[in-house]
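Asker: Please build the complete structure, drawing on both the sequences and the hints.
Chains as they are written, first to last, in the working numbering: chain A, 1258 to 1547; chain B, 437 to 742.
Don't read these hints as lab results, they were simulated from the structure. Ideal placement from N, C-alpha and C gives every residue a C-beta, glycine not left out. Warning: the hint list may mix true and false statements.
Unchecked claim - Partial pick of chain A residues on the chain B-facing surface, computed with a CB cut under 7 Å:
1. Ser1284
2. Ala1286
3. His1288
4. Ala1290
5. Phe1336
6. Pro1338
7. Gly1370
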Amino acid sequence: MTDARILDRGYRPYDGPRLGPAGAVRSLARHTAQRVMGLKRPAAAKILPFLSAAIAYVPAIVFVGIAALVPDERLTTEFLPTYGEYYAFVASALVIFTALVAPEALCPDRRTGLFGLYLASPLTRTTYLVAKAGTVLALLLVATLGPPLLMLVANVLQGLGPDSPADVALLFGRVVLAGLELGVVYAAVSIGVSSLTDRKALASAGTLLVLVLSGVVSSVLVEAIGAPDWVLAFNLGPAPTELAQRIHGEPGSVEYADVATAALVGTWLGWTALGLGVAGWRYRITKVVR
Amino acid sequence: MPVVVAEGVVKRFGATTALAGATCEIGRGVTGLVGANGAGKTTLLGLLLGLSAPDAGRLEVLGLDPRHAGPQVRALVGYSPEHRSLPPDVRANDLVAHLAEVHGLPRRAAVARASDALYQVGLGEERFRAIGTMSTGQTQRVKLAAALAHDPRLVLLDEPTDGLDPVQRDEMLMLIRRIGTEFGIDVVLSSHVLDEVERICDAAVIVGEGRVLAAGPLDALRSTVGGWLVEVAGGSDRLATALVARDLTVTPDGRRLLVEGVDDPAVLRDVLADLGLEVVRLQRRRLSLEDVFLESGVYGPVEGPA
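Answerer: Here it is as structure tokens:
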């Protein structure tokens, strides 16, 4: 006698709940985040995303550790960076993520034709793009919000941070606002450039080109042609970081001393609108291969 | 209740008219959407999914208007596109589960049903392989599993046997037939291979130059352009003359006569009896879907035998 039995694998209808377009957006966002971070993909795909996370977090962890191990107030006030200054440490992580990692969110779907399958689901072009852009923004916020929040929590716990709850709340608000400011503009630029090509390498090169050219052109215009200083606000490298520092109420760099905050906000709005506008236009006209 | 209703559907792309007033009803079971390349089949499928709106006419899918209820329609419909459209570095099970989730299933149910769907299409052992390492036949099955995993009420399959060898093609066709019968899911199979539609479909919609040229159950389609074949041992000229005199259309077909316009076969019997001819053969002409297709005017008027 054996205990073998026939296993009925006949088709089983599904009569459970269906989550509709909102569930579709959530699923797409989670899948995109996994893909961008290289999860469930070969080891090589994990290198750059985790490198950028490490670049963003390691300095914060080190500074928090130093402050804990060397409880000298002079050390924390004179040698360790302020919250506003910390964004300079995050900048390279943001560039790596924006140019080399984030294009993974959009390009492969069009290249493999998976975009067509998504549009055959409850997703629309708009909800698809919202899910993708939202995911890129959320991942960027991990780098722009996480380290300063870590420092804030650690400093408060060690008695090195703001004393009153009101000051803590104010600093928390500034951290969130500055993190959003940086995350939104870089997400918009990455999404905008990535929407123009289905090749990730081209999107990466294009994003780097936009980042570099924005600096070169604005510097040449100001220094060689004598354009007003506010033109420097177009530089996608230091200008968003400068604005983040001003959100923290800190003076920022000498180079930007004559650039008004309004100019920084205006160019921030301009780059964000341009990136999202290009992506929106591109996905409205993109033909689907079926 | 019909699964799909189309009334005078017009769709233009610039100066090109892809659909020029398509009208048809698609019922339960497996229905073939037949037409030459460029006939408007894929355009019609796109309209059924609500991916674009018709310029004129009315469409209904599962009782919903895809123009206004696109996401709701697509939640109830599974779609397998013609082109190879799957990411190569993702495991089949992960992709099918993800697409089931995108169609509205909760995560746990999507994962369970992805395994079931891949098992049903014959990829139970292969489901954890990266799609890029799979053969064309396996990839087509993954697409089919992705169309099934969320338990749709209707499945739209666009050339699902494209690129398959004869054995894989047979297996795929049997699978599609099972979906329409055992699984209880209605299927619209778009294909330009008439033989496969004839083998597994209950009905067909023949599309040509943007119009529906014929639609209905296969038996009915065959009979609408049927006729009778009559062969007698001598005297076929007399027989032809007598039949024409009764307002029937007679076309010589070798030694046989093809008689069309016969409402009552008793007329043939009476004429043969009156003339006292020896009958060699008297049978309904058996038409293939190809005959129906050609006579529907897809390629213009069909020339009869000289």
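Asker: Each of the hints needs a verdict: does it hold here or not?
Answerer: To see whether the hints hold, each was checked on the structure:
no.	hint	verdict
1	Ser1284	holds (4 Å)
2	Ala1286	violated (11 Å)
3	His1288	holds (5 Å)
4	Ala1290	violated (12 Å)
5	Phe1336	violated (46 Å)
6	Pro1338	violated (40 Å)
7	Gly1370	holds (3 Å)
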